[in-house]
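Peer 1: For reference, the chains in residue letters:
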Amino acid sequence: MADITLPPQSRGPDLDIGNEQTAGRLGKPVFVHWLEDLGFDPQFGPFYLGFWGAAAFIFAGAFTFIWLMTMLQQVNYNALAFIKYFAVLQLDPPPSYYGMGVPPLEQGGWWLLATLFLTLSIFAWLIRIWVRAQTLGLRPYLAYGFTGAIILYLAIYIIRPIIMGSWAEAPPHGIKGLLDWTNNVSVAYGNFYYNPFHMLSIFFLLGSTLLFSMHGATIWALEKYGAQEEEDEIEAPGTGTERAQLFWRWTMGFNANAYSIHLWAFWFAWLCGFTGAVGILLSGTLVNDWFQWAIEAQINYPQVAPPPVVLPPQ
Amino acid sequence: MAVKVLDWARETRVVGGRTIDEIEADFRKPGNTMMYRIFGFDLFDFWIGPFYVGFWGLVSMFGIFFGSVFYLYGTVILGPYSYGQNFFAGRIDPPPAEVGLGLVPAGQPGYLWQMTVLFATIAFFGWMMRQFDISMKLDLGPQVAISYGIVFSSWLTLQVIRPIALGTWSEGFTLGIMPHLDWVSNFGYRYNNFFYNPFHALAISGIFFTTFLLACHGSAILSGAQSRDPNVVEHINDYWRDIQGYSIGEVGIHRAGALAAGGSILLANLCILFSGWPVQDWVSFWNFWNTLPFWSGV
Numbered sequence: 001m002a003d004i005t006l007p008p009q010s011r012g013p014d015l016d017i018g019n020e021q022t023a024g025r026l027g028k029p030v031f032v033h034w035l036e037d038l039g040f041d042p043q044f045g046p047f048y049l050g051f052w053g054a055a056a057f058i059f060a061g062a063f064t065f066i067w068l069m070t071m072l073q074q075v076n077y078n079a080l081a082f083i084k085y086f087a088v089l090q091l092d093p094p095p096s097y098y099g100m101g102v103p104p105l106e107q108g109g110w111w112l113l114a115t116l117f118l119t120l121s122i123f124a125w126l127i128r129i130w131v132r133a134q135t136l137g138l139r140p141y142l143a144y145g146f147t148g149a150i151i152l153y154l155a156i157y158i159i160r161p162i163i164m165g166s167w168a169e170a171p172p173h174g175i176k177g178l179l180d181w182t183n184n185v186s187v188a189y190g191n192f193y194y195n196p197f198h199m200l201s202i203f204f205l206l207g208s209t210l211l212f213s214m215h216g217a218t219i220w221a222l223e224k225y226g227a228q229e230e231e232d233e234i235e236a237p238g239t240g241t242e243r244a245q246l247f248w249r250w251t252m253g254f255n256a257n258a259y260s261i262h263l264w265a266f267w268f269a270w271l272c273g274f275t276g277a278v279g280i281l282l283s284g285t286l287v288n289d290w291f292q293w294a295i296e297a298q299i300n301y302p303q304v305a306p307p308p309v310v311l312p313p314q
Numbered sequence: 315m316a317v318k319v320l321d322w323a324r325e326t327r328v329v330g331g332r333t334i335d336e337i338e339a340d341f342r343k344p345g346n347t348m349m350y351r352i353f354g355f356d357l358f359d360f361w362i363g364p365f366y367v368g369f370w371g372l373v374s375m376f377g378i379f380f381g382s383v384f385y386l387y388g389t390v391i392l393g394p395y396s397y398g399q400n401f402f403a404g405r406i407d408p409p410p411a412e413v414g415l416g417l418v419p420a421g422q423p424g425y426l427w428q429m430t431v432l433f434a435t436i437a438f439f440g441w442m443m444r445q446f447d448i449s450m451k452l453d454l455g456p457q458v459a460i461s462y463g464i465v466f467s468s469w470l471t472l473q474v475i476r477p478i479a480l481g482t483w484s485e486g487f488t489l490g491i492m493p494h495l496d497w498v499s500n501f502g503y504r505y506n507n508f509f510y511n512p513f514h515a516l517a518i519s520g521i522f523f524t525t526f527l528l529a530c531h532g533s534a535i536l537s538g539a540q541s542r543d544p545n546v547v548e549h550i551n552d553y554w555r556d557i558q559g560y561s562i563g564e565v566g567i568h569r570a571g572a573l574a575a576g577g578s579i580l581l582a583n584l585c586i587l588f589s590g591w592p593v594q595d596w597v598s599f600w601n602f603w604n605t606l607p608f609w610s611g612v
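In order, the protein sequence lines correspond to chains A and B.
So for the first sequence, the working numbering puts the first residue at 1; every next one is plus one.
So for the second sequence, the working numbering puts the first residue at 315; every next one is plus one.
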């Protein structure tokens, strides 16, 4: 009987995706070799632009141009003043007087236009990362994950202002303006700490940081056993993944595996955006006072006076 | 690559993986703990169910047990409402400011807080040391225990270091589920506006960035997990280069994730520590910016 020699591969034949995957790439790779000593990949580029990439950059450029120019106008195009006041300059949405109507450019029209371009840019980017994944033979999970952030963005900037009937409900574009909006929305609806969806969003935000701390450190600690080669370890777990699993089993009585840890990761990060969107959509629409809501839900008690605010000695 | 994988490590890969019993049979061996290395023996070098015990597990259990007793006694048993309600609303306040850095005798206000914080600190420290022990047993590097130590440092900053810096235990935070949210909320307004605290802003940005990285990493691995293509890892690298010009690599993403998570928590420690000591007001803190000499007059 003749010897049958199988090719030494575990994953089946290479799928020929065709040369469309290299078409449209711009530039040549540039190598920064010292990055390798830190464990990071040394290669930069090439970069793929494509139709949706070009659309995303053009729309993002239009948003940035309007945003920066309206703020420059506020400081009479003085470059030094622009740098000095950059963090406090802001492009405000239309005042509530205009409701859902179209205001003059100087009365929030620029904000509407900028937000339109920002939204178009975000969706062009979503299509770009979706289509590019398919071209390379990958499932578009990155695009799925991006929807978590997009839902939160749409809830804050588009959907809730429409429900409330006023673009003035949306945050301004600007660093201090965004921070103030966040602070004010909490005060206006009776303290966001009592909003259960805000609690969930914070839980998933801090939980994601904890998860990446645990997962990143575990794999970093097992590099010499090849635990970082996760696509291989998912299909055929070796000693690296076994040690990682035993570490958490022995520490907390429970462990994920090389596949499921990335499901935990994906859902924790996605739910941070989604639960945040639910929390903001309920505020001012169905719930006007989260403190009162917490009393009615019996997780906070009206009998207890809130702790006094003690001002520190000056 | 700068990172070398042991030659035999890849050969241990078994398609579909081994059962937990097979794995445990290989690794559940006595020895190679901290106590074993120092004294040559370790009385607590055993497992209970899936849990490893060890000397530091014993220390941790001691802290967890007494910490839980004091905490549940103070919040649930002594709370003003039904036990179920007390679980959320019950509170243990730190000692009054007159106590300073002194110890509160049993039964006085603040005693339960000091006891709970003491035993919780023992529990957290024991848990961290136990992670070092388990890491040694399985030949992991110390990264997980160090990461846990960074979280532990936040507890120490809030409950020990900052109160000592300000000279009174009353600066520690109130224990309890809803009361600790009130404490955080009040803490922000007490220093005028915490959104203007630059270390708070950096820490929040770092935590958001870590969550973003986690979404990217989780989805990148899932996107290729069902692929039958032997070059799937190269395709994932190409994908990141295509859409953003750079792929950090499978070693780099785990290091970057652990560093981003730990770094943002260390920045969060600073934002707490600098509030009240030395900065009293995060709004007027920014006066220095407006009075810098090179743009006076604009």
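Among these hints, one or two may not hold up.
[What the hints assert, rightly or not] Below, in silico cross-link-like pairs of lysine to aspartate or glutamate (EDC-like), each with a Cα-Cα straight-line distance of 16 Å or less:
{"#": "1", "chain 1": "B", "residue 1": "Lys-343", "chain 2": "B", "residue 2": "Glu-485"}
{"#": "2", "chain 1": "B", "residue 1": "Lys-318", "chain 2": "A", "residue 2": "Asp-37"}
{"#": "3", "chain 1": "A", "residue 1": "Lys-176", "chain 2": "A", "residue 2": "Asp-92"}
{"#": "4", "chain 1": "A", "residue 1": "Lys-224", "chain 2": "B", "residue 2": "Asp-407"}
{"#": "5", "chain 1": "A", "residue 1": "Lys-224", "chain 2": "B", "residue 2": "Glu-412"}
{"#": "6", "chain 1": "A", "residue 1": "Lys-224", "chain 2": "B", "residue 2": "Asp-321"}
{"#": "7", "chain 1": "B", "residue 1": "Lys-318", "chain 2": "A", "residue 2": "Glu-36"}
Calculated from the structure, these hints are not laboratory results.
These numbers were taken from a predicted model, which means no experiment stands behind them.
Peer 1: Any of the earlier hints contradicted here, and which numbers?
Peer 2: 1, 4, 5
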